[in-house]
Amino acid sequence: MSQPASPDSAAAIYQTNPQRELPTRRGTELAMLGFAALIVTCAFVLVQANQEQELSFSIIWYGLAYLALFGVAHLAVRRWAPYADPLILPSVALLNGIGLVMIYRIDLAMTERATQSGNDYTSAAPKQVLFTALALALFLAVLILVKDHRTLTRYGYTCGLIGLVALALPAILPGSLSEVNGAKVWIKLPFFSIQPGEFAKILLTIFFATFLVAKRDLFMIAGKKVFGVELPRARDLGPLLIAAAVCLLVLVFEKDLGTSLLFFAIVLVLIYIATERAIWVVTGLAFFVVGSVIAYKLFTHVQQRVANWIDPLATYYDAGGGYQIAQGLFGLGTGGVGGTGLGAGRPDIVPEANTDFITAGLGEELGFVGLAAILMVYLILATRGMRSALAVRDTFGKLLGCGLSFSIVMQVFVIVGGVTKLIPMTGITTPFLSYGGSSLLANYILVALLLRISDAARRPTAKPRPKAPQQQAPLAEAHTVLVRPPSAEQGGAE
Amino acid sequence: MNKPMRRVGIAMLVMVVLLLANVTYIQVVKADSYRTDSRNQRVLLDEYARQRGSLVSQFNGQVLADVVPTDDKLKFQRRYLNGPMYAPVTGYYSSRYGSAGLERSEDDILTGSDPRLFVRRLSDMVTGRDPRGGNVQLTINPAVQQAAYNAMMAKGYTGAVVAMNPKTGEILAMVSTPSYDPNALASHDGTAQGDAWKTFTNDPKNPMLNRAISETYPPGSTFKLVVAAAELESGAAPSTPVSNAPNVLLPGTNTTLENYGGEVCPGNTFADALAHSCNVPFATFAGQLGADKLRETAANFGIGQTDLVIPTKVVPSSLGALDSTAALYQSGIGQRDVRLTPLQDCLLSATVANGGMAMRPQLVKKLLAPDLSDLEGFTPEKLTGTPALSSSNAQILKQMMEASEDNTKGGGKKANIKIASKTGTAEHGSDPKNTPPHAWYTGFAPADDPQIAVAVIVESGGNRGLEATGGTVAAEIGRAAINAQLGGG
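Chains A and B, in that order, are what the protein sequence lines are. If you use my numbering, the first sequence corresponds to residues -10 to 483, in order. If you use my numbering, the second sequence corresponds to residues 4 to 492, in order.
Keep in mind that the hints were calculated from the coordinates and are not lab data. Hints are supplied without guarantee of correctness; some may be wrong.
[Unchecked claim] Simulated restraints on C-beta separations:
1) B:R99 to A:A38: 25 to 35 Å
2) A:G309 to B:N437: 50 to 60 Å
3) B:D75 to A:K116: 18 to 28 Å
Since the model is a prediction, treat every value here as computed from it, not as a measurement. For every residue, glycine included, the Cβ atom is placed at its ideal position computed from N, Cα and C.
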């Protein structure tokens, strides 16, 4: 870990003279963004070439849109989060760009199919570009408005309430206003629809983090001791249990297993980090197993999912059977190690090719190599977030950063694991890749928060002065720091 | 609190590693079984974009089907030259409706996925050339096909013509009318394909039915060749006396079986009976021969074979139950439940022409690699291996058929071409006496050195209605095909 843990950096202020000037690494970010843009443009040209489209103006249009969007994002980071981690934004840009290319590529295939059968098909890529623009606007807004992530703790319970309502709303609304393809997770508005669950994911993570920061001492010491483990008092645990139970109930009611799994995992991880007690993980997993068995006994759609998971080829012809997963596997198998080449495969055969099954399409056309690379980009994104969480000084920041980073990997695990038959398939979006406005908007908010946390982690304790007089002894500032209670908030760390 | 965070970090790492391991399993270990799963359309769709091989005739290398490059995604469009004429042979190849005919049965060669093309595929891959399909050389003689098709179409007949080389079994012509244009189904415009498909399938005349091999008809008097063969094998001679009565009572019933038109047979020998196609003697013969003997002879003509492919599948011909003497009587003149494909009817003549030995009918002469080098040639093969009748009896039957040809009306006779033939006029339908009969003609020529055997069926009397007979309607079509092969114009 090149980044010193917080006690060291605190100590550094006392001893270094002249003060350590941390590089902002904005240059690295710009270079990596350029690299991402290069990869995405190449991918785009490949699609065009393989689809035997003329290299048309659309390349320029999409390319410029991409560059403009991320150029603005980069400038915003320079201005409002100059010390932010330099790899987070490029990773996101790369994933988002590859997603756009794939969505465009599937558009081409679907348009051709539609012309063959005389139907109409509305292209998804232009909408996704628009969503990306909106998402980046939101990203900017979060960076500007949330100057310090710790201010979010003030709105912790508000976030929790809004999150729960957002989560519950589709379940309460009539199906005509909330159901798309059997999943009751939407709010349909006249001109657009949103999946409130995507936003609830962030809101509730903020709530849980706030809550745990406030109660973590009570969790550890105020309860009874059972089997050598401190159990928290029920009244301390109450809000948490209620929130978790409501989450799970609502989501089972909405038949959205993927999201409930995601929430459950995030809550578990946050509690574990806050309490440092592995017993919580064990208890949580036990609950999970019991819950899974009950859900399996109770719901036929769960049984169907499990049957499709065990052998999608056996349930291939059943209604709601393994057709989709099997087609995804056929695509992955056809792609093999090297893939068919972007634009040269047939990812459009798989239903939901540009949403749930976009990774199957990527695996088909980019092969194992490409899919592995994409997974690695996710891992880079999440570990950079995790590193920022480790380095940040406040407990809330640690919990929030850790929860958000973990949620990315968890989400990828649930959806890619479902597509590749590692775990039963549960409909959930692939962050940044799959088509869909809500997911993109929410995930850009998530990234803005991660950048904010990483900025806080790497920012020198004192604000960098406009003109840093190098040789001046920073006596005054040293005193400023001294005034603060030096290790109150580091009590639990290490 | 950094320690649990690091552990969560490790958990994230483990999750991604699990995904990677699983993706490795799917895309590396299991890749082949997923790729080759029959439900995986990807491989099939790739083949559509490959340059499909051509169908060519063994005569002058005339092309029946090839491809033209297109600028859309499928790259090549199938083109049928003279589509409707050859449709029963070629079948169709459609991106929406699959394929039929040779397009279907020789698909592996045409797409290039046949194992025999593997080495070439590999070298194509290495040299970076787009893989191409192999070609199929057909036994079809375009001159015969054209003569038969034009003759049928000129009269607006519904029916089929099959011509083959009796010595080798090579099919020289296979016509079914009315026909359809497979080009319409090969269109890359999905709507055009759909419209054509609807037009063809909704047409009451069913143009997409290959009447030559996919439909069976009562053979009528042409079936007398089988009965005559069995009778000769049982020791009868052309001079064997027969009854010339105009009708005979079906044993065990009150129904009589009549000669055509209820007339007295002009002669009273076996030879006369075949020459004038008298029903009563043949009905009686069949009754005397019995079901087993009749079935045995018929089987050696090929009737009853259920797995015949040319390599397009041929529906089986059959004699029916033959469960009573009355049934035998009626079957003896090719009625009751006897049903033959026109191809099988052609085999009756061809077998006689080839000295009693039926040859396996075959449409494919050779399989060619994309560079036109030979992959596999077709060698003549016996159909059952057992002759339907001895060669001396075949010689006798041939002479009896020559006499029959002499008594047969209809145009197209050439003084220099000696034909041996048999006509048939088959009743069918629920009210046979008032339904125009199917008109049959089967024969071969030249009688002394047979080069071509034909069978013609014109459904429901052609243009002559109830008055139609095999001689007046079908004979001239058969002769047109024979003349085309033998160069008599």
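Here is how each hint holds up against the structure:
1. B:R99 to A:A38: 25 to 35 Å: holds (27 Å)
2. A:G309 to B:N437: 50 to 60 Å: 56 Å Cβ-Cβ, so the 50 to 60 Å window holds.
3. B:D75 to A:K116: 18 to 28 Å: At roughly 26 Å between Cβ atoms, K116 (chain A) and D75 (chain B) fall inside 18 to 28 Å, so the hint holds.
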